[in-house]
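There are 2 protein chains.
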Amino acid sequence: MKRLKSSDPGFAKAFARIVADRREADDDVSRDVANIIDRVKADGDAALADYTARFDKWTPAGEDDWRISKDACEAAFHALAPELRQALETAADRIAAYHRDQLPARRDYRDDQGVRLGAIWRPVDAAGLYVPGGRAAYPSSLLMNAIPARVAGVERLVIATPTPGGQINDLVLAAAHLAEVDEIWRIGGAQAIAALAHGTKRIAPVDVVTGPGNAWVAEAKRQLYGTVGIDMVAGPSEILVIADKDNRARHIAADLLSQAEHDPMAQSILITDDNDFADRVADAVGVELAQLPTRRVAEASWRDHGVIIEVASLDEAPALANALAAEHVELAVADPEPMLEAIRHAGSVFIGRHAPEAVGDYVAGPNHVLPTGRRARFASGLSVLDFMKRTSFIELDEAALAAIGPAAVALAEAEGLYAHARSISLRLQGNAK
Amino acid sequence: MKRLKSSDPGFAKAFARIVADRREADDDVSRDVANIIDRVKADGDAALADYTARFDKWTPAGEDDWRISKDACEAAFHALAPELRQALETAADRIAAYHRDQLPARRDYRDDQGVRLGAIWRPVDAAGLYVPGGRAAYPSSLLMNAIPARVAGVERLVIATPTPGGQINDLVLAAAHLAEVDEIWRIGGAQAIAALAHGTKRIAPVDVVTGPGNAWVAEAKRQLYGTVGIDMVAGPSEILVIADKDNRARHIAADLLSQAEHDPMAQSILITDDNDFADRVADAVGVELAQLPTRRVAEASWRDHGVIIEVASLDEAPALANALAAEHVELAVADPEPMLEAIRHAGSVFIGRHAPEAVGDYVAGPNHVLPTGRRARFASGLSVLDFMKRTSFIELDEAALAAIGPAAVALAEAEGLYAHARSISLRLQGNAK
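Here the protein sequences line up with chains A and X, keeping their order.
Under our numbering, the residue at position 361 of the first sequence is numbered 361, and the numbers go up by one with no gaps.
Count along the second sequence from 1, add 433, and you get the number used in our numbering.
With the rest of the complex left out, here is chain A (with noise of 0.2 Å):
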């Protein structure tokens, strides 16, 4: 962990070198990947199969086995004791509460000029979302993911997920089925995103792929963009925590482990104008590392990329954290409000002492797909949005084109695009046959 001081005279520089940081491995899987894909565009099943025995040391007993079935996901949802069953539903019933808000409408009118002008949203057809397998397979990413777009309207609604092994994780198959997803394929990697994006015999394709995956599943996603469209390639998850000492210590140290917890790449930072509250955080947080489970990943990330700032006052927070652009950030102040305006980059905010971050990534209903490595600048969280479509339309009569017409046909010859006027002043001489 590194402890600055924003008044030392060494602190741009050291800051600049954190907010550099990217914590993402620049692996070259780019060519691998690019085999992979026209493997599965060639070989389509047979590919799948061969891939997954040797990446998933896992080959399939016949046909149907490459499928999970849904009485198999209802059975597991039946089976899940109450109380999670009942916090699963929590959870699908919330975020499903946000992202229907989320729904944007059509726009319909006609302006002075006597056109009719507007846009309709429509949902894609059929969406595929990757759930990664082993450790990472988490239900909640499932209902992040699964959930808008069933909330957009896509009709069908498919899972990639590889189990490795011929392993099952049987809270995914309880989230799957409460979110009414529609077919899940035993397949992982980038032979999946593949599959989805192209088709095979047994899998139809999709239109739009979603969802968090190692190295290789993003670098298939970028390289499918395009075939199908995609949510933001994502690197390892941080928070940015600003803290005035009127906090308790331990709660501002599990929420700082609590990203820590995700991966050793995580980053946990801390910006707070109380030097005492900065050691008794930084004391907290070796006392329930020491007795946290996950405590060998949260350890290491919080000893690699851990950092405790401190500011002579809040005041300098907001432009700390939209340099940072963090995925998270938590404002643990007496007044938030001007804090929440001030902070123009940032995936997620949590407002106030009562707000740990870990309650958005399960129950408060906004999505935690969030962008991560600084793409807040540009980029936005999971949405409704991702899994529909624009189509813009544009009615005129005689008159209207009368009005308008004349400026399109000058700036179509001066652009040397004549079939264009030609199209208009046609029309607009109305006598030609």
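Be a bit skeptical, because a hint or two may be false.
[Stated by the list, open to error] Taking lysine to aspartate or glutamate and the EDC-like style, the derived pairs with C-alpha atoms no more than 20 Å apart in a straight line are:
| id | chain 1 | residue 1 | chain 2 | residue 2 |
| --- | --- | --- | --- | --- |
| 1 | X | 678 | X | 749 |
| 2 | X | 435 | X | 737 |
| 3 | A | 41 | X | 461 |
| 4 | A | 41 | X | 454 |
| 5 | X | 474 | A | 28 |
Hints listed in this document are in silico derivations from the structure and should not be mistaken for laboratory results.
Place chain X on chain A using the hints.
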């Protein structure tokens, strides 16, 4: 040009071939582009100077020559013929009006559990617009990219445009003046995209890069996606005209040619229910072509990619249109409204007999940057949203955390994320210091 009849036994197969025809060159430029990006990252302005000398055959006279001044843009604007200046102003005003109405609203509400939720949309800090050099340097494209960025509230608007042999397009400068562009850099190709994304000593980096370009530009955007935001990867233009026999054949012929003249790879498709009308349009295309200054391009496009499909009834048209998911769709029919509803996949729809697509290219208001190559299945035209991003926020007080916190604790523990659970349960206990 192909003539198809939907009642012919071979129609399904022939139509499927048209749908599958991507008309996009699979130039494998990814290695070249990766090298260019690496070189610009490493050597900055020196790399730009080398590439500009090599690809654009131009070397600036001095440091100032890298930029085109705002004064030069203003002078170009005032040097325009009054009719053209007015046309440009009409276009700019109408584009601005349509896009202002796209601005998303802030959400901020408290739900029945006492949780305050919301989302704030904000513009990115800086946007880079690519404007191709030479023949494809369209002032209308500059307006269509720059105005949404301005309307979104972007503070810094940067253009990169190559000036091959030192040639500058005055109409583009005039449009840049009108759109209040802040900087114009005389660089092009993948090296320009790399400079915008990573920045150089001379050029500060931007957050989003949009605008059309060749295969190198498109591949550079794809590779830099994630470092910056980008708009959709675009291919050759296309139009689908659905027309009954009560149209004038020459109007429809001109509409088809207005796409064809863009690019030999562009595609124009007519669907009609009248054999005689189909013949008359085919003839009229010949007549129009004979006198078209852009004949060479338009003729090649119509010959290689033009299609006329005769259907038994126009009721068949929406299903065909959805399979094609065309960039532009004209509904030159007596009752277009049901068709507007039935066509789910289209970039922009032009309604009625007096709405030639070219009106939308210049002055109607909606954006003319639209998804091509069947991408209307999942992508939308350019909008203010491409230059904005959303920050969600969550506020809880003690009571709200008590209401929804326990469900989050249950889920976090089930996922094995214990620090997540602790960050909530410590606060719920409320007694630890």
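Evaluated hints:
1. Between residue 678 of chain X and residue 749 of chain X the CA atoms are separated by roughly 16 Å; this keeps the pair inside 20 Å, and the hint holds.
2. For the hint linking residue 435 of chain X to residue 737 of chain X, the alpha-carbon distance of about 8 Å falls within 20 Å, and the restraint holds.
3. At most 20 Å may separate the alpha-carbon atoms for a hinted pair to count; residue 41 of chain A and residue 461 of chain X meet this at roughly 17 Å.
4. A distance of roughly 16 Å separates the Cα atoms of residue 41 of chain A and residue 454 of chain X; the hinted pair therefore holds under the 20 Å criterion.
5. For the proposed pair residue 474 of chain X and residue 28 of chain A, the alpha carbon gap of about 17 Å is at most 20 Å, so the pair holds.
This entry satisfies every hint, going by the numbered hints stated previously.
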